[in-house]
Amino acid sequence: MTSRHDADELGFFGDFGGRFMPEALVAALDELTAEWEAAMADPAFIGEFERLLRDYAGTPSKLYHAERLSAQVGARVLLKREDLNHTGAHKIRNVMGQALLTKRMGKTRVIAETGAGQHGVASATAAAYFGLDCTVYMGKVDTERQALNVARMQMLGAEVIAVDAGSATLKDAINEALRDWVASVDHTAYLFGTAAGPHPFPSMVREFCRGIGDESREQCLEQFGRLPDAVAACVGGGSNAIGMFTAFLDDEDVKIYGLEPGGDGVDTDRHAATIWAGESGVLHGARTYVLQDEDGQTIESHSISAGLDYPGVGPQHAHLAKTGRAQYLPVTDTEAMDAMALLARTEGIIPAIESSHALAGALKVIPDLVAEKGPDATIIVNLSGRGDKDMGTAIEWFGLGRSNNEQSNTEENAK
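Each step along the sequence shown adds one to the number in the UniProt record's numbering, with nothing skipped, and position 121 is 121.
Read the hints as simulated data drawn from the structure, not as lab findings. Just so you know, not all the hints are guaranteed correct.
Said to hold, decoys possible - Label pairs and their in silico Cβ distance ranges: (1) Glu31 with Arg4: 40 to 46 Å; (2) Met155 with Leu10: 38 to 44 Å; (3) Ala341 with Ala151: 44 to 50 Å; (4) Glu372 with Thr323: 47 to 53 Å.
Unchecked claim - DMTMM-like, lysine to aspartate or glutamate: derived pairs with alpha carbons at most 20 Å apart: (5) Lys322 with Asp15; (6) Lys373 with Asp388; (7) Lys322 with Asp251; (8) Lys107 with Glu48; (9) Lys107 with Asp133; (10) Lys322 with Asp264; (11) Lys373 with Asp253; (12) Lys373 with Glu279; (13) Lys364 with Glu67; (14) Lys364 with Glu396; (15) Lys103 with Glu35; (16) Lys373 with Glu252; (17) Lys364 with Glu335; (18) Lys107 with Asp15; (19) Lys322 with Asp376; (20) Lys322 with Asp253; (21) Lys107 with Glu37; (22) Lys364 with Asp250; (23) Lys103 with Asp15.
C-beta: ideal position from N, C-alpha, C; glycine also.
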């Protein structure tokens, strides 16, 4: 069944999307599109996908009322606990769908790119489950700040290739994965990690992730007898966000907030707030908003979160921003880390830094939401992943890992 929010037959969401790829991959993308559309119309495929999510991935994830946090901020804050899924993030939904499709297509190898490592771990997990060879491309900078996830991928049997080119982050990992795919497309499937890239990836990733929003909508109605006033999710490429937003696009009274990585601030050159500060361009096979210079060259992005450190964004997000159905706001590194600490100390939940951007953004819009809706204002925040992988960054940022006496002495000596 199609809706007015779907891409057209060429993969465009309004002015954004499409397929801008080398000729060598056109046939592969055509094959993927046809196989995916056939699979989504096949009750046996859908039934197996739903069984895998339920029995293996652990969904539906919980919708949790964070009561202590709610009391502190003056609104009802509901957390969609995707961090409780198998592998600790929403990514497992997407890769189980794409890996199941890979088996259906008779291919024996998968490749993937990853920033924070969550998609890489999920891809390695799915490959192990289905008995597929797996290679994961990861920027060298990200392999260093996400070493734990590199080890997890290797433990699961994946080959992890560190990419030195460019800024050695997610953008460059995608470039190398695409080069691999051109040379190996006859037996290899590319498990794309976000709702970006050429058609059909933005639509396919959205559909495999849409359970996040569908479950949230149903759970909110069951638990509170009403829809939320707003939903919020972080946006790098935008897979978890489009998975949440899709269920609420026709609910005009539900505000939709995408929170972008503002890095050191959008008035500096160190951020990844693509919608806030980018312009229309082509990146990784799709027209979308891109951070670029005056000559149209993609510029390097920055975020404390490896998973959000990307100079582009999924084309449907670009369309939602242009049409005004969703608002996209920047969140700085400092605001995100403050939100991470707040949730840890009020609810005993350590979120991924990506998810901390979503929470920080929610905290910024709550005062206006309460002014409009009253003290029962309700917002769902998608906790897309757990923070274990980010403890190295947290240790450095907060000065953790020393006794309180040692910390006090250091601060005293610094005076």
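Among the hints numbered above, which are violated by the structure, and what are their numbers in rising order?
1, 3, 4, 6, 10, 12, 14, 18, 19, 22, 23
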